[in-house]
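Engineer: Sequence:
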Amino acid sequence: MKVLSTEQIRQADQYTIQNEPISSVDLMERAATKAFEWLMPRIGNDDKISIFCGMGNNGGDGLVLARLFYCKGITSKVFMVRYSEKMSLDCEANYKRLKEETKVPILDIRSKDDFPAISENEIIIDAIFGSGLNRPIEGMAGDLIEYLNDQNAINIAIDIASGLIADAPCTNNVIFQADYTLTFQTPKLAFLMPENDIYTGQLEILDIQLHPKFLDEVTTINLLIDKKMVLNMLHPRMKFSHKGTYGHALLIAGSEGKTGAAILGAKSCLRTGVGLLSVKLPQSAWTPLQTAVPEAMIHVDDKLDAFNAIGIGPGLGKAEETQRALKCLIQECHVPLVMDADALNILSENKTWLAFLPAKTILTPHPKEFARLFGETDTSFERLELQREMAKKYDIIIVLKGANTSTALPNGTVFFNSTGNPGMATAGSGDVLTGMILSLLAQRYEPEEAAVLGVFLHGLAGDLAAEELSQEAMIASDITEHIGKAYLTLQQS
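In terms of our numbering, the sequence shown has 17 at position 17, counting the first letter as 1, and numbering is strictly consecutive.
Each statement offered as a hint is correct.
The list that follows gives simulated cross-link-like pairs (lysine to aspartate or glutamate, EDC-like), each with its CA atoms no further than 20 angstroms apart: (1) Lys360 x Glu448; (2) Lys48 x Glu122; (3) Lys48 x Asp114; (4) Lys280 x Glu295.
Have a look at the derived ranges for each label pair, beta carbon to beta carbon: (5) Ala371 x Gly412: 13 to 23 angstroms; (6) Glu7 x Glu295: 48 to 58 angstroms; (7) Asp179 x Glu101: 24 to 34 angstroms.
Quick caveat, the hints were computed from the structure, so don't treat them as lab data. Keep in mind it's a predicted model, so treat the numbers as computed, not measured. We put the CB at the ideal spot given by N, CA and C, even for glycine.
Kindly produce the complete structure, drawing on both the sequences and the hints.
Structural biologist: What follows is the structure, encoded as structure tokens:
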């Protein structure tokens with residue numbers, strides 16, 4: 001799914017209006033109706049609903065909602081936030097229609113004296129500013145948003161929380177804190193940034209049927225990974241295939257006291273479908289590994305000829321001998337490579353090695369490892385651009401782990417993940433991801449596909465584990481145990 005800018009969404013609206021064709025006011029009706037359809041099953045007849053409408057098209061969405069609620073016998077109040085005396089044309093049309101066709105109370109807010117009392121657990125719907133905002137909110141409107149945030153209510157933003165800027169870092173703290181955001185057609189880039197979670201809440205993307213030709217042809221460097229995308233990547237298994245068909249992977253992992261990382265990576269690699277797996281690890285860990293993962297082989301020399309892909313880093317340690325071995329691997333590796341954990345920590349202490357990484361090497365840092373490798377940033381937007389720049393500069397793939405894990409490709413495209421949950425914030429989760437990506441590389445997926453598909457499957461397995469066990473009770477091996485269910489879920493879509 002494409003992540004479009006505010007300007008691209010505006011263009012998509014205009015293209016739809018001209019080519020469907022449909023009037024702009026009817027397109028507003030369609031969008032608000034989709035929000036209404038999402039809200040209806042969640043609202044009771046006795047719930048108190050206050051809709052705060054601005055003077056632009058976002059306010060128009062709120063006015064349509066009020067009329068649709070009224071037609072279903074649901075009572076709401078509308079508060080017009082008069083930060084301007086002039087409404088947009090479509091907002092004005094829906095304002096007149098609401099007054100003429102319903103008995104919905106419409107109250108003006110011009111100063112703090114007009115702020116309404118809010119009941120506990122009342123439903124507040126924010127339709128004040130929308131996605132066109134590109135400046136900090138000041139004055140009465142800012143005071144109102146701070147007042148609404150202080151209430152013990154259920155906060156729902158239409159399209160985007162008022163005060164949140166869709167395509168850039170926010171320069172102020174006056175932003176509506178939504179529990180739910182009902183956005184239209186595509187996600188905004190701001191929704192994918194960690195610091196904006198408090199303003200976005202649970203995100204729902206509502207399809208308002210903007211013209212498919214525009215959506216197909218518009219180009220973007222930001223995408224959200226969805227099931228349709230990864231289904232197109234999956235390689236089917238052939239009837240007459242054998243273990244050699246699905247590749248031979250080498251995992252270099254583990255050190256004194258960190259055998260578990262190697263075991264987690266090895267199990268996940270096998271569960272993701274590799275034909276053969278060898279693991280290079282300290283001799284003291286051979287017995288634990290072969291006891292825990294009897295399907296894995298121990299690699300005892302330094303020859304790399306037999307392997308289709310190599311993964312290195314989980315539990316590796318940073319001993320001098322290990323650092324020398326990593327440098328040799330970078331120089332000698334001629335197959336796809338994925339690097340994690342201590343391999344990245346060694347790289348961060350030897351940054352000149354970055355320029356010698358094989359093309360399309362996959363790095364999987366968490367935020368602190370990323371900062372050690374490439375430098376500190378002030379905002380997630382800045383970090384995203386640095387991630388994109390470094391992927392281009394070194395011709396590598398950077399998988400920056402976290403909520404909505406971002407995968408930057410050498411061509412500048414970034415894929416944001418749509419699966420995963422906070423239960424995956426547990427020791428060993430990254431080792432599992434490394435094993436999964438390694439498995440896909442060995443199965444001859446292109447590195448870009450292996451990174452994007454591996455991240456999605458990892459998150460999906462985590463979601464399935466959380467459904468069964470709860471987020472709180474999850475451990476990394478639970479993700480591994482649900483990889484098979486993740487494949488089945490995809491294949492049954």
